[in-house]
Structures are given as structure tokens and as C-alpha cells.
Amino acid sequence: MLQIETSHEEKYALIVLKGEVDASNSVELDEAINGMVEDQNTHMLIDATDLNYISSAGLGVFMSYLEDFQEKSIRFVIFGLNDKVLHVFHILGLDQLIKLKPDKVAALQELYEA
Amino acid sequence: MLQIETSHEEKYALIVLKGEVDASNSVELDEAINGMVEDQNTHMLIDATDLNYISSAGLGVFMSYLEDFQEKSIRFVIFGLNDKVLHVFHILGLDQLIKLKPDKVAALQELYEA
Amino acid sequence: MKHRLTLYCDKSQLADLRNFLSGVLKDKPISDTTKFEVILAVEEVCANLIIHSHGCNSKDKITLQVQEIDDKLIFEIKDSGKSFNLLEYQAPLLGDVIREKRKGGLGIMLVKKIMDKIEFESNGKDNTCRLIKIMDSK
Amino acid sequence: MKHRLTLYCDKSQLADLRNFLSGVLKDKPISDTTKFEVILAVEEVCANLIIHSHGCNSKDKITLQVQEIDDKLIFEIKDSGKSFNLLEYQAPLLGDVIREKRKGGLGIMLVKKIMDKIEFESNGKDNTCRLIKIMDSK
Ligand SMILES: Nc1ncnc2c1ncn2[C@@H]1O[C@H](COP(=O)(O)OP(=O)(O)O)[C@@H](O)[C@H]1O
Ligand SMILES: Nc1ncnc2c1ncn2[C@@H]1O[C@H](COP(=O)(O)OP(=O)(O)O)[C@@H](O)[C@H]1O
Chain A
9 MLQIETSHEE
19 KYALIVLKGE
29 VDASNSVELD
39 EAINGMVEDQ
49 NTHMLIDATD
59 LNYISSAGLG
69 VFMSYLEDFQ
79 EKSIRFVIFG
89 LNDKVLHVFH
99 ILGLDQLIKL
109 KPDKVAALQE
119 LYEA
Chain B
9 MLQIETSHEE
19 KYALIVLKGE
29 VDASNSVELD
39 EAINGMVEDQ
49 NTHMLIDATD
59 LNYISSAGLG
69 VFMSYLEDFQ
79 EKSIRFVIFG
89 LNDKVLHVFH
99 ILGLDQLIKL
109 KPDKVAALQE
119 LYEA
Chain C
27 MKHRLTLYCD
37 KSQLADLRNF
47 LSGVLKDKPI
57 SDTTKFEVIL
67 AVEEVCANLI
77 IHSHGCNSKD
87 KITLQVQEID
97 DKLIFEIKDS
107 GKSFNLLEYQ
117 APLLGDVIRE
127 KRKGGLGIML
137 VKKIMDKIEF
147 ESNGKDNTCR
157 LIKIMDSK
Chain D
27 MKHRLTLYCD
37 KSQLADLRNF
47 LSGVLKDKPI
57 SDTTKFEVIL
67 AVEEVCANLI
77 IHSHGCNSKD
87 KITLQVQEID
97 DKLIFEIKDS
107 GKSFNLLEYQ
117 APLLGDVIRE
127 KRKGGLGIML
137 VKKIMDKIEF
147 ESNGKDNTCR
157 LIKIMDSK
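Line by line, the protein sequences are chains A, B, C and D.
For the first sequence, our numbering assigns the number 9 to the initial residue and increments by one for each residue that follows.
For the second sequence, our numbering assigns the number 9 to the initial residue and increments by one for each residue that follows.
For the third sequence, our numbering assigns the number 27 to the initial residue and increments by one for each residue that follows.
For the fourth sequence, our numbering assigns the number 27 to the initial residue and increments by one for each residue that follows.
No lab work stands behind these hints, which were simulated from the structure alone.
Note that the structure is predicted; figures quoted are calculated from it, not measured.
Quick reminder that beta carbons are idealized off the backbone N, C-alpha and C, glycines included.
This list has only true hints and no planted wrong ones.
Just some of the chain A residues that point at chain B, by a computed CB distance under 10 Å: (1) LEU74; (2) GLU79; (3) VAL85.
Taking lysine-lysine pairs in the BS3-like style, the calculated list, with each CA pair at most 30 Å apart, reads: (4) B:LYS92 - D:LYS143; (5) C:LYS37 - C:LYS98; (6) C:LYS98 - B:LYS80; (7) A:LYS19 - B:LYS109; (8) B:LYS92 - A:LYS19.
Far from chain A, by Cβ distances over 10 Å, these chain D residues were calculated: (9) LEU31; (10) SER48; (11) ASP58; (12) GLY81; (13) GLU94; (14) ILE95; (15) LYS98; (16) LYS104; (17) GLY107; (18) LEU112; (19) LEU113; (20) GLN116; (21) ASP142; (22) ASP152; (23) ASP162.
Looking at chain A on its own, in the form it has when it is part of the complex:
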């Protein structure tokens, strides 16, 4: 089960993920991010505090936006990943390519630094 809440805060777009992302629902994650990109958001946060699982289908969704993020100068940070979910990013070395932060404070700092 995956639950996705999206909202537009004053200075950034926020997507809250709850539950599990796998091949059966990664398209929902994709649509949420795509919507945020189409709305011309330049600062995007993903709250993964309540994300309990992610398979390669979910990782692939994030990876598929790296090109757009760079072209459109979109800053993108995922925060709150639990140890196991974080570990999946680590196995593939994707934590080197996608910004992961422990909590929202650190994520916002990353979003607006320099």
C-alpha cells in the first residue's frame, strides 16, 4: 500500500510517501513527481519518514528525473528514510546521486544552501 500526499508550501513542493513503493504502484510516485515538475516547482522535498519499503521500480522513478532536475535547475531532496530503505539506495550507490537527508530541517537547509 502506498499513500501519496502532495502539497505546495510557500517555498517548495512537498510529497509525503507512506507505505511501500513497488512495481505495482511506482507509477503513482511517478505521476506525483511529474505533476510537481509540470507545475514548475524548482524546490522539491520528498518526506519518506513513513516509507517502509522501496524496490527498484521506485528507485527507477527517482533516477528518471535526474536529467530533468538538472536541465530545469530543480533542487530535489528526500528526507527521513529509515535505515532499511536508505540501505537500498546505498546498495546501488544511488545515495551518491540523489540527495538524502535525515530530517526536514536538514533537507530544507540543503534545498536553500548557497
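We have chain A; now place chains B, C and D with the ligands onto it with these hints.
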């Protein structure tokens, strides 16, 4: 002028950059990183505290290792970038793809987290 | 002891697969992280079978059997679709994954990084993929 | 006031170019970051001319002229090698840069992000590239 010092600490490889990286000397940077990769280092730090300038030739060197870093599970962090040099990474959005940390403590933490 | 599960080829089955595997692995002497990893790897292979070999045709079935032999956990996944040998599959470059924006292509990489050994056999009709994890390996 | 510099086509000249530009920009009413950016962009174009158009042949020369007109800083770079119109150049995808491990391909991207306007002219013999920065733009 670019000065490069490399050393093998107990748990990571360190490359200290001093001066300016441009098209005339980026090959030296490339050789230093390549050497560290060939020595099978899995944790690499770049100390950029005294790096005053970087042009696209230098950025390109870093980018050219992302594939190797991922394939070989090498963790790679650059720290100590001054505001101007950091800004160059930002202009191209490369700060999203290459780990940049303010100082050595934060860099080591990043290198060994989870 | 052996544990068996039959999945029909629908992506909704993946959550059930995870539940099943959590139960099976519950008392195994491996860390929670290793359990998590192993569940992920088995799911990746099953998801590929469901999606790529069987086009999500829910009339098709795949079976999973989990066995503990000595220090090994063996996950045997059988199907009878067109055979796909993931040992022969060459993982894409990271740059390709990014460039093609293809929202996939990371699954087999994960399986290979997680498992200690992978075996594949096909008799032209039935395919068997065996994923092996050594229990004190990590 | 105009400032001029002649560079011979050797990469060692890039450091001199930066020194020259720092001097020229010293008292201009733009932030230090903008100065840094603008120096970088001019260097990128000159480096490309030196490397790609003139194969680092130190007998070849390129000239740079810097001018302030109204609120614009204009950097005019002239050479007489084979003409290269960076306006027509299509920047590569990030994934390609990563995949090809080519240690380059980011220079023109930087120039385009930094400058407010770029002009290019060639009469078949001499090429002129004009990089324009509006002084209160950033
Ligand atoms: N069981 C299978 N049958 C047919 N093709 C497969 C199978 N498993 C994987 N493939 C092929 O290998 C590719 C890579 O698989 P994988 O790494 O799991 O990524 P993804 O499935 O997300 O594309 C798939 O896109 C598919 O073309
Ligand atoms: N002045 C030039 N003459 C010929 N080719 C050029 C010139 N400038 C750029 N190019 C071509 O455009 C490509 C991209 O240039 P650039 O973005 O600066 O990256 P890099 O020079 O690092 O490869 C170069 O690799 C080269 O093929």
C-alpha cells in the same frame, strides 16, 4: 597553479587540492583520482578548502568517475569548497550528483553513514 | 524445512510475496537488514517474471520455494514462460539509466549485489532461478 | 573604456586571462560571484578556441576585448580558425556526460547559463563571439 597532495589515511584516501583547476591542469586531477581508484580505495575524500577556482574541465573530471564510483561502490565526497567554487557546481546542478560537504567532519560522517 | 508459495502473475501479488517471505525469514539467524535485502532481491526477480515474462497475465503462475541447507538460504523461483537468464544479462551503465529516463533497469543490479550466488536452468519448458544467500555472509 | 588582451593558443594562457579579467572587472558594479561567473564563462570560450579550434598551436592567437556599454558588459572574442558557433551547439544530456566518461562537455552549458546574451558572427575568415552580461541581472 594547481597543487595536489594525495595520501592514504587508515580508512580513506585523501586528495588535497590547492590553487586552480582549469583546462591546463585538469589532467593532473584526473590522474590523482584515477590512481586512487586503481589502488582499490572505496572511500575517497577531496579536500577543496584551498581550491580557488574550477572550470568545466575540472567538473568534467569529477563527472567522468560517477559511473566507476557506482560500479565499484566507491564513496566519494568533496569538502571545504568556498562559496564561489561551490557556486560553479550549483550553476550546472552538479551539487545534486556529487556529494559536497562544508568540512572534513561532515565529509567523514557522510562517508561512513549507514 | 521447505516453504512454498504460488503467485499468479499480477503485480498486486508482490505485497503478498513480501508478507510470506517475512514470515519465512522471521527466525533465521540473519540481521534485519539482510532479511530486508533478501526479500527485495526475491521480489525483483518475481516482479520481472510477472511483468516481462508473463505480461501481467494473471492466469499464469510462478512458484517460489524457500529452503535452508547448511548455511545457505535458497530461494527457488519457477515459471514456464519464455526463459530469461539473468546471469547473462548485462546491467546498463548508470549514465544510460539516467539518459534514457526509463524508470527501470536497476532490478537485476540489485539482485546481483545482494545475493551470494545465482543459478539459472531451463529445460525449454520450465525455468528455474535459484537465488542463494549464505547466512553469515553479511 | 575598452580593455584588450591577446592570447596565444596555449592552455597556460588561461591563468593570465583570469588575471586580466579580474583586473578589468575590479571596479565594476557587480557582485564578486558575478565577477567569478563571468570570468569562468569567458575562459570557457577561450579554452574551447585554444583547444578545439586551434589544437593548442601556440603560433595562433585570439583576442579579447572587454567593453562596458550602458548596463552591459561585453566580452568580444575573436579568432581566425575554423568557425564554431556555440549558439548552434546542442548541449549533451547529463546521462551522456556520465556514460561517456568523457571528462568534458560542460563548458558551453556553463557559458549559456551564465551569460545573458551570446552573439556569434563569422565572415569566413574571422570569427567573433560576443558574450554579454547585464550588470544588474544577478
Ligand atoms: N523475466 C524476464 N523476462 C524477460 N525479460 C526480462 C526479465 N527480467 C528482466 N528482463 C529484461 O531485463 C531488463 C532489466 O531488468 P531489471 O534490471 O529488473 O529492470 P526493469 O525490470 O526495472 O527494467 C528488463 O527491462 C527486461 O527487458
Ligand atoms: N571553438 C570550438 N571549435 C570547435 N569545436 C568546439 C569549439 N568549442 C566547443 N567545441 C565542441 O563542442 C564540444 C563541447 O564543448 P564544451 O561544452 O566546452 O565541452 P568540452 O570542451 O569540455 O568538451 C567540444 O567537445 C567540441 O567538440
